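Just need the whole structure built from these sequences, with the hints factored in.
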Amino acid sequence: MSADPGKAAAAPKFDIAESPDLEGGLRIFTSIGHVAKMGLVATGHGSGWITYLLPWRKDLTSDTTSDVIDNAVIYSTLDSACALATWAKAGHFRGYPTLDFRVDFVRRPTPRTDLIVRGECYALDADYAFMRAIAHEGDPDDPVATGSGTFMSFSREAYRK
Amino acid sequence: MSASPYAAFLNLSEEVNADGRKVAVLNPGETCYAREGVMHGGATGALLEYAARLAVLDALRQKGNGEKPPSLATVSMTVDYLRPGPMSPNRALGRIVKLGQRVAHVNVDAWNADPGKLFATGKITIGIQQ
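Protein sequence lines, in the order shown, are assigned to chains A and B.
Its first residue numbered 1, the first sequence is counted upward by one per residue in the working numbering.
Its first residue numbered 162, the second sequence is counted upward by one per residue in the working numbering.
The hints are simulated quantities; they were obtained by calculation from the structure and are not laboratory data.
Just so we're clear, the structure is a prediction, and the values are computed from it rather than from any experiment.
Beta carbons: idealized from backbone N, C-alpha and C, even for Gly.
Any given hint could turn out to be false.
Label-pair ranges, simulated between beta-carbon atoms [said to hold, decoys possible]:
no., chain 1, residue 1, chain 2, residue 2, range
1, A, T113, B, R244, 29 to 37 Å
2, A, T65, B, R263, 22 to 30 Å
3, A, G24, B, G261, 46 to 54 Å
4, B, N268, A, D127, 34 to 42 Å
5, B, R244, A, P111, 36 to 44 Å
6, A, H92, B, P231, 44 to 52 Å
7, B, V258, A, E18, 40 to 48 Å
8, A, F154, B, A164, 28 to 36 Å
9, A, D59, B, S232, 19 to 27 Å
10, B, V258, A, M152, 21 to 29 Å
11, A, D142, B, Q262, 24 to 32 Å
Below, the structure written as structure tokens:
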């Protein structure tokens, strides 16, 4: 494995600055590194939110017998769903890496079951974006996990033009 | 700790430090990659959670826990991202804040080359079933 895997695939990132093309962004984001390897599929987006499908896979489970998706996978999909929700909120791309993120693991996932993950940006300004997220198996009123967090823009100055 | 399929997917492992404590090690490859030189924040979360579980298992062992290995389930976790996590071997150490009968509170720090320069810190609550 090379020292910086996925480097070539990551190149388009720098071309999407301020881009309004969220669909294109979701395609790029789900084709790179961690998110691509976990198999996240972008399934929808609207004003301030995006959704992913996380297809169940044996190599994403927490042990070899229960066939339950690992909590760390759920943490990561919730975080990932929030990452591009800023785009859905602002209407164009801005880089907001995670500043802090909290997940409550509400219940044990059902074995061998896909997860639906929704990330929502409910407020943002030039510095911070505020997020909430939910992971469920089809019924949002019966969540597997919920997340919330603050994201912080790469640079305030860059967004003052 | 027996490695989970997801720990293997991320390339998570463990080592013992000079104080005899178990340290989680994440040697990131493409499954952890976010952008050039930077690890995905989800992989950082997984590293911290893994370190917290190692700390709880160690503490239970020292307490003289029964023969049957306890079953751990993370209840909640919060991670503060202090700087980007590098795409080179990263380590995390969990410190038990309180070990109760049913739940353990753990603080976890993650660093790359310098243990004094953290890139993430977290607090993780782990449920215990003995």
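Status of each hint after checking the structure:
1. Distance hint for A:T113 and B:R244: a CB-CB separation of about 36 Å, consistent with the stated range 29 to 37 Å.
2. Taking 22 to 30 Å as the suggested C-beta distance range, the pair A:T65 and B:R263 conforms, at roughly 23 Å.
3. A beta carbon spacing of about 49 Å between A:G24 and B:G261 agrees with the range 46 to 54 Å that was offered as a hint.
4. At about 27 Å, the beta-carbon gap between B:N268 and A:D127 misses the expected band of 34 to 42 Å.
5. About 37 Å separates the C-beta atoms of B:R244 and A:P111, a value consistent with the hinted range of 36 to 44 Å.
6. The hinted window of 44 to 52 Å between A:H92 and B:P231 holds, with their beta carbons roughly 49 Å apart.
7. The hinted window of 40 to 48 Å between B:V258 and A:E18 holds, with their beta carbons roughly 44 Å apart.
8. Range check, A:F154 to B:A164: about 35 Å between beta-carbon atoms, so the 28 to 36 Å window is met.
9. A hinted range of 19 to 27 Å holds for the C-beta pair A:D59 and B:S232, which are about 21 Å apart.
10. A hinted range of 21 to 29 Å for the beta carbons of B:V258 and A:M152 is consistent with their spacing of about 27 Å.
11. Checking the proposed 24 to 32 Å range against A:D142 and B:Q262 shows it holds: the Cβ atoms sit about 29 Å from each other.
When the structure is compared with the earlier hints, a violation turns up for hint 4 alone.
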